[in-house]
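Input sequences plus hints: build the corresponding full structure.
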Amino acid sequence: MAKPVGYFGVPHDNALIVDMTDTWGQDLSRLDNGSKLWLVAQMANYLLKSDYYQGELAENCPEVITRLQELELYQIESLIQCLAA
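Per the numbering used here, residue 434 is the first one in the sequence shown, and the count goes up by one each step.
These aren't lab readings, by the way, just hints derived from the structure by calculation. Even for Gly, the Cβ is constructed at its ideal location relative to N, Cα and C. Incorrect hints may have been included.
[Claimed, not checked] Here are the computed distance ranges between Cβ atoms for each label pair:
(1) 477 to 502: 15 to 25 Å
(2) 503 to 445: 37 to 47 Å
(3) 488 to 463: 21 to 31 Å
(4) 450 to 493: 27 to 37 Å
(5) 449 to 486: 19 to 29 Å
Here you go:
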């Protein structure tokens, strides 16, 4: 069962969060998987371009990306879910 955005510390008094939860529900469950994936990718890219995260990538991260073709698409989706949990 999906958890509401507040569980993750997302403030309920932010206009964007209010719009998102009004549209897709408190747990964003009314958002389809493709749209979720797109939002995650865009938000991750936004964070990576900022100074929010400092330091080096963990060893072998680039290798994982070059080897993604070894996996089925559903396996990649499952790994994304695992990494985001």
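### Cβ separation of residue 449 and residue 486, checked against the hinted range 19 to 29 Å
Cβ of residue 449 to Cβ of residue 486: about 21 Å, so the range 19 to 29 Å holds.
### Message
Range first: 37 to 47 Å. Now tell me if the beta carbons of residue 503 and residue 445 are that far apart.
### Response
42 Å, holds
### Message
Verify the CB-CB distance for residue 477 and residue 502 against the hinted window 15 to 25 Å.
### Response
21 Å, holds
### Message
Taking 27 to 37 Å as the stated bounds, is the beta-carbon spacing between residue 450 and residue 493 within them?
### Response
35 Å, holds
#### Entry: residue 488 versus residue 463 beta-carbon gap, inside 21 to 31 Å or not
36 Å, violated
The structure shown violates just one earlier hint, number 3.
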